[in-house]
Amino acid sequence: MSLLARHLEANGIPTVIMGCAKDIVEHCGVPRFLFSDFPLGNSAGRPFDVGAQARTLELALRVLESAPAARTTVQSPLRWPDDASWKLDFDNVERMTPEQIAERRRHFDDIKAIAKSKRDAVERR
Amino acid sequence: MALAAEYDVPIPYMQRTRDYYVKLGYPAYRWAHFAEVPFTPLATPLVQARLALITTAAPYQSGVGDQGPRAPYNAAAKFYTVYSEPSDVIPDLRISHVGYDRVHTTAEDPNTWLPLAQLQQAVKAGRLGALTPRLHGVPTNRSQRVTMDADAPEVLRRCRDDGADVALLVPS
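Residue numbers (the working numbering), protein chains in the order written: chain S, -3 to 121; chain W, -6 to 165.
Hints were generated in silico from the structure; no laboratory data involved.
A hint or two may mislead.
[What the hints assert, rightly or not] From the structure, some residues in chain S lie toward chain W, with a derived Cβ separation under 8 Å:
no.: 1; residue: Met(-3)
no.: 2; residue: Arg42
no.: 3; residue: Gly47
no.: 4; residue: Leu60
no.: 5; residue: Glu99
Every residue gets a Cβ at the ideal spot worked out from N, C-alpha and C, and that includes glycine.
Throw the hints in and build the complete structure from the sequences for me.
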């Protein structure tokens, strides 16, 4: 998505990204970014919270119209409702047992095989 | 104002993923990185602008397994070419094909990854001029080269065809 924002912007279309992975988006380098410090999957706001979703969009629009230069990141002041310890869980190998890691590896290999066969089928068309 | 916990910072996804790949025995992933960043100042006030919404969510596909709330990672639900959907209704787009946080979120409310209802509301309220007639979906599972050489030019072409003045991109 960051690569796409850069391409549109370079071709004259101003962009803003709404996202939850701050380091990855900023590492790529994008024109405008509204960062929500939420679990991945919630770029547009908290679930079943219409007010927070409206506020998230309004913040993105404000970033779009007021960013003074590229690499403008604004962090939404909204917080994820739970205790911040959710941040310790995502793909954290320090919290996984050897059995869980082995299971993850099997699952990852399955996913890659399925994705590859599907991609090959699309490319053969 | 109380001090926050030491870990209460944005998740360092790149480091987490590096550690995760090493532990699982996979080669390191290299994220795209640029020293220079393009910037186009807004030429049209938003109240007159036509906005294109761009998503990485996937159209629901029958026969490829669970794509609903709490679905396990579903690689069979992936897609590999840019698609477009009308923006005046709410299309059935899902996120079972990507690695969202399955421990702390459930994917029950599509408005968390597709702000289309909010955008339609913003147009009604006069905050935004209009939406382009179509929103666009981009695949995320291919190489950075394919994204740059094929998908990005295709989305640009569709945005131009639709007269987009600005774009909102929402990764799932």
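* Asked: Which numbered hints turn out to be false for this structure?
  -> Checked against the structure, the hints that fail are numbers 3, 5, while the rest are satisfied.
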